[in-house]
Every structure is written in structure tokens, then in C-alpha cells.
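Chemist: Sequence:
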Amino acid sequence: RQRLKQYLDIITGKLERDRWTIGCLIGDFSLQVSFQSKLLRKRLDSIFREWRTLFASCIAAAQSAGEVDSHFDATELAEFLLASWEGAILRMKVERSPAALERFKTIVFETVFQQPRASAAAERQRRIHKGSTTKSKRNRR
1 RQRLKQYLDI ITGKLERDRW TIGCLIGDFS LQVSFQSKLL RKRLDSIFRE
51 WRTLFASCIA AAQSAGEVDS HFDATELAEF LLASWEGAIL RMKVERSPAA
101 LERFKTIVFE TVFQQPRASA AAERQRRIHK GSTTKSKRNR R
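If you count by the numbering used here, then the sequence shown holds residues 1 to 141, one letter each, in order.
Keep in mind the hints are simulated off the structure, nothing from the lab.
It is possible that part of the hints are untrue.
[Unchecked claim] Calculated cross-link-like contacts (lysine-lysine; reagent style DSS-like; alpha-carbon spacing at most 25 Å): (1) Lys-105 / Lys-14; (2) Lys-38 / Lys-105; (3) Lys-105 / Lys-42; (4) Lys-5 / Lys-93; (5) Lys-105 / Lys-93.
[Claimed, not checked] Here are the simulated distance ranges between beta carbons: (6) Leu-31 / Ala-61: 19 to 25 Å; (7) Arg-41 / Thr-21: 37 to 43 Å; (8) Glu-95 / Ala-65: 22 to 28 Å; (9) Ser-46 / Val-112: 24 to 30 Å; (10) Arg-96 / Ser-64: 36 to 42 Å.
Here a beta-carbon is modelled for each residue, glycine too, at the ideal position from N, C-alpha and C.
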């Protein structure tokens, strides 16, 4: 969870240095030229898939550590994160303001990527422990 926040804050800082005028090159290409070239469209899709894999790995680690709720699949959350973040970057460029990025970060970390309630985390740990105990009993038979 903290790694995701830190990453988005670093990107926000880079976008600020460009005075909110330059966004994501991959997002820009996706919007402007992907319809002109099948090869380019496939490469852009490949890049988004690579990003999704990296984000999903980070999200899965946060879920395993109990830092992010495990209600949704990590890959689906990564897909949501990418699509929503790219949309926020588009709005940032139009508005020439960080408002869309900050709104995105606030909402996403207070909802989708919020830290699980203590009782939910405790329940998850109980189920994990119970599962390992059950497996252990089966292995003894």
C-alpha cells in the first residue's frame, strides 16, 4: 500500500515539474495514434499488461501483508488503478492542475486500497491459521 502511494506521489512530482502539461506518453499514444497502426496498438497493449503485472504484484504483496483488503483480485485492482490513473492524468492536462490526481489518490486510498479493519485482518489471519492447521492434521493421517 505504501509502495503504491509512494509511486503515485513520485509520478505526481514529475508531472508538477512539467507544470501539469505533459502526461503519460503511453496514454497519449493510446489516444492519438493507436488506431493508425496495429503493430503500435499491440505494443501499447503489451506495455499496459507489463504495468498491470507489476502493479498486481505490489497489490498482492499488500494484500498478503494485510495492508489492502483482499476482496478483489490483485490483477483486477491493478487494471482499475491503471485505467483510473490514466483518466486522472488526462483531466490534469486539461485543467493544468493537480486536482484530478489528488482526488484520485485520496479516493482510491480511502476506499479501494484502504487498510482493512482490524477485525477483517484478524478474521483473515484466523482463516489462514485454520487452513494450515487443517492441512497439518490431514498430513498426519
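Chemist: Decide, hint by hint, whether the structure agrees.
Modeler: Evaluation of the provided hints:
1. For the hint linking Lys-105 to Lys-14, the alpha-carbon distance of about 16 Å falls within 25 Å, and the restraint holds.
2. Simply put, Lys-38 and Lys-105 have alpha-carbon atoms about 33 Å apart, too far for the 25 Å limit, and the pair is violated.
3. The straight-line distance between the Cα atoms of Lys-105 and Lys-42 is roughly 29 Å, outside the 25 Å bound, and the hint therefore fails.
4. As the CA atoms of Lys-5 and Lys-93 are separated by approximately 21 Å, the hinted pair is consistent with the 25 Å bound.
5. Distance check on the hinted pair: Lys-105 and Lys-93 sit about 16 Å apart at the alpha-carbon level, within 25 Å; holds.
6. In this structure the supplied range 19 to 25 Å is violated for Leu-31 paired with Ala-61, their Cβ-Cβ distance being about 31 Å.
7. Checked against the hint of 37 to 43 Å, the C-beta distance between Arg-41 and Thr-21 comes to roughly 26 Å, which is inconsistent with it.
8. Judged by the Cβ atoms, the range 22 to 28 Å given for Glu-95 and Ala-65 is violated: they are separated by roughly 35 Å.
9. Distance hint for Ser-46 and Val-112: a CB-CB separation of about 25 Å, consistent with the stated range 24 to 30 Å.
10. In this structure, Arg-96 and Ser-64 meet the distance hint of 36 to 42 Å, their C-beta atoms being roughly 39 Å apart.
The structure shown violates the earlier hints numbered 2, 3, 6, 7 and 8.
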